[in-house]
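Novice: Start from the sequences, fold in the hints, and give me the full structure.
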Amino acid sequence: MIELVNVKKVFNAGNPSEFSALNSVSLHIAENQVTVLKGPSGSGKTTLLSIVGCMSRPSAGRVKLNGREITSLPERFLTDIRRKTFGFIFQQPNLIKGISVLDNVMLPAYPLGEKRSQLKMKAMKGLSELNIANKAASKVEWLSGGEAQRASIVRALINDPHIIIADEPTAHLDTKLSYRFMEIIEKFKSEGKTVIITSHDPLVYESAMVDCVVNLRNGQIEDERA
Amino acid sequence: MILHPTIIANLLAAYIASGMVLYALFYGVQILRYWDIQSGHELQLVLERKTYLISTLLSYVFGLQLLSLFLFIFTADSLAPLFVGAMCAVGTLNVDGFGYPTLVLKIFNFILAGLWLILNYADNQGYDYPLIKKKYGLLAFVAPLIILEMILESAYFLNMEADVITSCCGSLFSSERVTGIGSEIASLPVRPMMWVFYSAMSCTLINGFFFYLKGKGGYLYAALSLLIFFIALVSIVSFISLYIYELPTHHCPFCIIMEDYNYIGYLLYILLFAAVVSGIGSGVLIPFREVESLQLMLGAFIRKLALASVILYAVFTALVTYEIVSSSLVIAYEVVY
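If you read the sequences in order, they're chains S and X. End of the first sequence = 241 in the numbering used here, gap-free, step of one. End of the second sequence = 338 in the numbering used here, gap-free, step of one.
Think of the hints as simulated: they come from the structure by calculation, not from any bench. It is possible that part of the hints are untrue.
As the list claims (entries may be wrong) - Subject to a maximum C-alpha distance of 30 Å in a straight line, what follows is the list of computed DSS-like cross-link-like pairs (lysine-lysine):
{"no.": "1", "chain 1": "X", "residue 1": "Lys135", "chain 2": "S", "residue 2": "Lys79"}
{"no.": "2", "chain 1": "X", "residue 1": "Lys51", "chain 2": "S", "residue 2": "Lys23"}
{"no.": "3", "chain 1": "S", "residue 1": "Lys79", "chain 2": "S", "residue 2": "Lys208"}
{"no.": "4", "chain 1": "S", "residue 1": "Lys99", "chain 2": "S", "residue 2": "Lys137"}
{"no.": "5", "chain 1": "S", "residue 1": "Lys150", "chain 2": "S", "residue 2": "Lys208"}
{"no.": "6", "chain 1": "X", "residue 1": "Lys134", "chain 2": "S", "residue 2": "Lys79"}
{"no.": "7", "chain 1": "S", "residue 1": "Lys23", "chain 2": "X", "residue 2": "Lys134"}
{"no.": "8", "chain 1": "S", "residue 1": "Lys150", "chain 2": "S", "residue 2": "Lys191"}
{"no.": "9", "chain 1": "S", "residue 1": "Lys79", "chain 2": "X", "residue 2": "Lys51"}
{"no.": "10", "chain 1": "S", "residue 1": "Lys135", "chain 2": "S", "residue 2": "Lys154"}
{"no.": "11", "chain 1": "S", "residue 1": "Lys99", "chain 2": "X", "residue 2": "Lys51"}
{"no.": "12", "chain 1": "S", "residue 1": "Lys154", "chain 2": "S", "residue 2": "Lys99"}
All values derive from a computational prediction rather than experimental measurement.
Specialist: What follows is the structure, encoded as structure tokens:
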């Protein structure tokens, strides 16, 4: 489903501060599976994830999504793919303060022009599934860490993406909430979604539901186990 | 050189355009030589990122190029009081040997710049840069002409001397003179020229409308729009100007841009130039209709260009007809002076 061919990413190329975050990474990420990118800090997990999710471009190499090469796409085509194909769950919930949970959840769907009433129904359904429907009208500042995380998950799903990308999702969660998060991931898998997670949390990469663990070190794939 | 704000503006526009075109050409040549969309090589990815910068830059440069033609004509017109004998832009353009070559090159570059903008717009609609080599190939052709234009324009303005006695439009565009292209055009018989203009314009508009409706005859329309452009320019000198000035002997194509004639010349020329660019542009894009990534949009865009061109030519013709009909000048017989 997702194929990376000799992907390199160099930051500050040509400067004294040049840093090579990824070195010739080739990887195949299968459809309808949970793949974990694991490795120590600075190993290139987040960089790789941002390239897979079309949030940044590689310095060299290509990425193919369902056989279609996407790294060369002009920005507006890439935006379209990013919007419709990927749902992002970040380390921090990154919710926008000052507006309600419901508005935060609906925000990524606004550019698609869906009717507000339908959108609201969809958002409320998502919030209900993760048991935070009662917080829909609350401002995000009032949410607990777990509630904020769940709100960000509903936001990631609002455009019904095929691929969920989560960057260190359990980094700020306690054990109980981390288990709860993994249950949600299992649900995504059962719905046929592809999930890619970066994590160095054993609770994530040792989970039974994980299909593939890719171990990264110094910007290269050290090993890959199914 | 005469220090005048419009001259400084013209020269600055020329130097900025030339500098930016040279910068763009540097990467354009690399794109022409090394572009390979199948490759994941570092250079290819750098070129993919650079092409955004270059095409955005060139969009502004060529936009400036379009405006600079009218700025140049405006400058030539506004400087006329500084030269003995000059009554309008004609005299100013004649103060040294570089005025008219600059104008001709500016007109040519205007059309090329317009075509580049059309090609760039079409290329940006595809996901795989379908026209990138054509676009930068055209840039490689246009860039030396923009540089040449800058050199000619600099020579023209820098060689200007205020004590030069120059010729007025009455002398250059007069049917009495026996030599010179201006006089030869001015000497063309009015009524046959009117027939030629209206017949050719009718054919062009009918063909353009047919192309818009049926999608056939695009190349013919592009050729006709170029032909009618020249016929219209000749017609302005030959008979349209006579009706605007309401004088049977005044054929100047530049006095019509003056305040005395409500700046109607600017409107006529803008319509004409926009029409020819969109007309030729529609023809230039026809071979790329079958390109996979453009199939969905290019046909509609070509038709829109053709329609825009037809409307612009129709408005031009309507305006000319209005000027003729509302003019006090009546040419009941062939005027021979």
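Novice: Please go over all the hints and tell whether each is borne out by the structure.
Specialist: Hints and how they fare:
1. Lys135(X) x Lys79(S): 27 Å, holds
2. Lys51(X) x Lys23(S): Holds - the C-alpha atoms of Lys23(S) and Lys51(X) are around 18 Å apart, at most 30 Å.
3. Lys79(S) x Lys208(S): Answer holds: Lys79(S) to Lys208(S) is near 18 Å, not above 30 Å.
4. Lys99(S) x Lys137(S): Cα-Cα ~15 Å, so holds.
5. Lys150(S) x Lys208(S): 26 Å, holds
6. Lys134(X) x Lys79(S): Cα-Cα ~24 Å, so holds.
7. Lys23(S) x Lys134(X): Satisfied, since the Cα-Cα distance of roughly 26 Å is no more than 30 Å.
8. Lys150(S) x Lys191(S): 20 Å, holds
9. Lys79(S) x Lys51(X): 22 Å, holds
10. Lys135(S) x Lys154(S): 16 Å, holds
11. Lys99(S) x Lys51(X): Holds. Lys99(S) to Lys51(X) sits at ~26 Å (cutoff 30 Å).
12. Lys154(S) x Lys99(S): Holds, at about 26 Å.
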